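**Q** The sequence shown begins at 81 in this note's numbering and counts up by one.
Hints were generated in silico from the structure; no laboratory data involved.
As the structure is a computational prediction, the values presented were derived from the model and not from experiment.
Any given hint could be a false lead.
Said to hold, decoys possible - The following label-pair restraints were derived from C-beta to C-beta distances:
# : residue 1 : residue 2 : range
1 : Ala231    : Asp745    : 31 to 39 Å
2 : Ala653    : Ser309    : 32 to 40 Å
3 : Ala621    : Thr273    : 49 to 57 Å
4 : Ala653    : Leu629    : 36 to 44 Å
5 : Gln664    : Cys727    : 22 to 30 Å
Glycine included, every Cβ here is placed at the ideal spot set by N, Cα and C.
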Amino acid sequence: MAWWAVSAAAAGMAMLLFAPGWLCLRLLRVRGVLAVAAAPSVTLAVLALAAVVSSFLGVRWSLASALVAALAAALVAGAVGWLTRGRHPPASIRRESGTVRTGSVPVGMGALPAPGTEGTTAVPTRDGAAAVPTREGTAAMSPRLIAATAAAVVVAVGFTCLPLARGMEHLSAPLQSWDGIFHVNALALVRETGNASSLGGLAPMYPLHDATYYPAAWHALVAVAPGLSSVVVAANLSTFVLVLPWILGITALATVAIPHRPRVAVLAPLFAATYIAFPVITMTVQGQWPYGASIALLPGAAALVLAALRPGGARSLPLLLAAAAATAGVALAHATSVFSLIVLVGPWIVVGAVQHERQRWRAGRRHEVIRDAVLAGLGLAIVVVVLSQSSVFGSVVGFNRRYFGSHAGVFFNALRDKATFGRYPSTWIGNLLVAAFAVAGAVLTFRRREARWVAVAWGSFLLLWVVAGGSPPFLRWLAGPWWTEPSRLASLAIIPASLLAGLGADAALRAGAERAARLPSAASATRRAVPVGAVVLAIVAALGMGARLGTKERVVESAYVPGRITYGTVLDADDAAVLSRMPQTLPADAVVLGDPAGGAAYAYAIGHRHVVFPQLTVAAIRSPDPREPHVLLAMHFNRIHWDARVCDAVRAVGATYFYQDTAGDAQGDKVSDTTLGLRNVDTSRGFELVDRAGTVSLWRITACG
């Protein structure tokens, strides 16, 4: 499908993602980039909760029901905003020439602006009308900085999407990774059943229907996006649409976390666009669309949380409710992101709370401090007990992964942003130049006692990354909430790293300007331009070398282009031909049995016919019993001519057609050890040929009557 042909659909999906949340936030009097960046997380909270309610009420999930839910949420937000309009006036954005009124007090490990401008300090700037923190904690910037920030966002979005588009080649190309196939088929399931509930809506994706919970917020959004008949195109398009909240969120977080350095909001999204881990690895090779959606929403939601919890923020009920809605959206997109949000903003919250309690202790209010400590301890104990009793959390923490080298080696690869999923050619330097700016920014936060929590968050994600992938095992259980998978943590480390790199680059630019200002008045204009020019060249070099567009393109190709798939091709031209003809060659009630790794899994999303195995592996069955029909067919269907149990299993699952691809490892196709019984099947008898293309054939099963 041509890219221009889906421009309207892309705009529709983006509107559905941003508009409901933005309207709710505006009614709660959240403004500016903060409202735009946090809007998608609020939208997903609304859609995910509405999908659960719709399922409970028996209402089909559709675009109409999604819009009704958005309208209801807007009415609630409007009512809250109206009821609190007197006590919580809207924020005023003020711009003053030549100064920045910080109005900030120490909180946690850095500083965030306090409400109003009482007790403010004028900080000279060189930007004319400069940044002034607003009530939400963001900074009102000069027109020149606003234009620069907007341009940086556009460039960052473009450079992030370019290798995705070139590697994908066309939007109708099916993603050929384990999780990707699952999620595309899950979209088809939502469209068929009209059930996008996270509480059992995707249970049919598991053959034994034992899945009571699966995060379906992304599915609820993408399945009803207007103008998209193909779930494959819809899923791929969402990868591009989710780049918008990712880049905007990092921009908003920079304005909140480091409000006195408005240039950081210009530089941070550019540095974020250089990384491979997200969205390239997460959204293509791994195909983790729901988890990827939660990551894309995380920085915007974190910015809103920080703005709500700034000094005095507890008195702003609308802002607190907005932050709670954004947090809920991130959590409903993927529960793991609750832990990610804790690691990201936890240092600021915890240390800020400790400082607050210390002040109360010194003021003689010690009984209140003891009470708060006991309550905090009880809350932590309850969380630990609940998580320890959760089978879902236990299975995640206990997930076993291979190691990626020594701890020192993993740390070095983390700094240079080396892909930890698959094998791809990369330069030795990788993203080390951007990492150098980030390290400089981290050092600066401690020297200036400003935004130190950002450096702590980056260090925390790097530590989790190292313990997840390093050998010998050391505290690996800490990375359990992220499936002990370094690539999942790599995506999260980008957020604080981008802010710190922006801070380091901003400091370098300031140092260059100060050096130029100290030159003798007789110095030439060229000589005065050298200090700042050298820094600009260093920033451009870091961005240019870190971008690695060719490497990113090859990574995307390894998930989409047949013959280049890292872990074996699932679907090639022969498969596509047979699958696309299924609506004409098979009856509507057909049930297709075949090796999911051989292309049969896509008979549901592309061929629009039910399949026995909608996933690449039967591991999701969770049944060790070899007599269970699904397990028996996966391992022994090729015994159909002499094992009576096979026909019993065929009838038990309702299979009526058999899909076979005779290509194997030698031809670059994916072959799974768990479905060997679905290969090398003798179709000379007991089967009637329905369709064929190259190595792929489709048969009606007659051997079982």
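**Q** The structure should be examined with respect to each hint, and the outcome stated for every one.
**A** Hints versus structure:
Distance hint for Ala231 and Asp745: a CB-CB separation of about 49 Å, inconsistent with the stated range 31 to 39 Å. Judged by the Cβ atoms, the range 32 to 40 Å given for Ala653 and Ser309 is violated: they are separated by roughly 22 Å. Between Ala621 and Thr273 the CB atoms are about 52 Å apart, so this pair conforms to the stated range of 49 to 57 Å. For Ala653 and Leu629, the Cβ-Cβ distance of about 27 Å falls outside the hinted range of 36 to 44 Å, so the restraint is violated.
Taking the beta carbon of each, Gln664 and Cys727 are about 28 Å apart, inside 22 to 30 Å as hinted.
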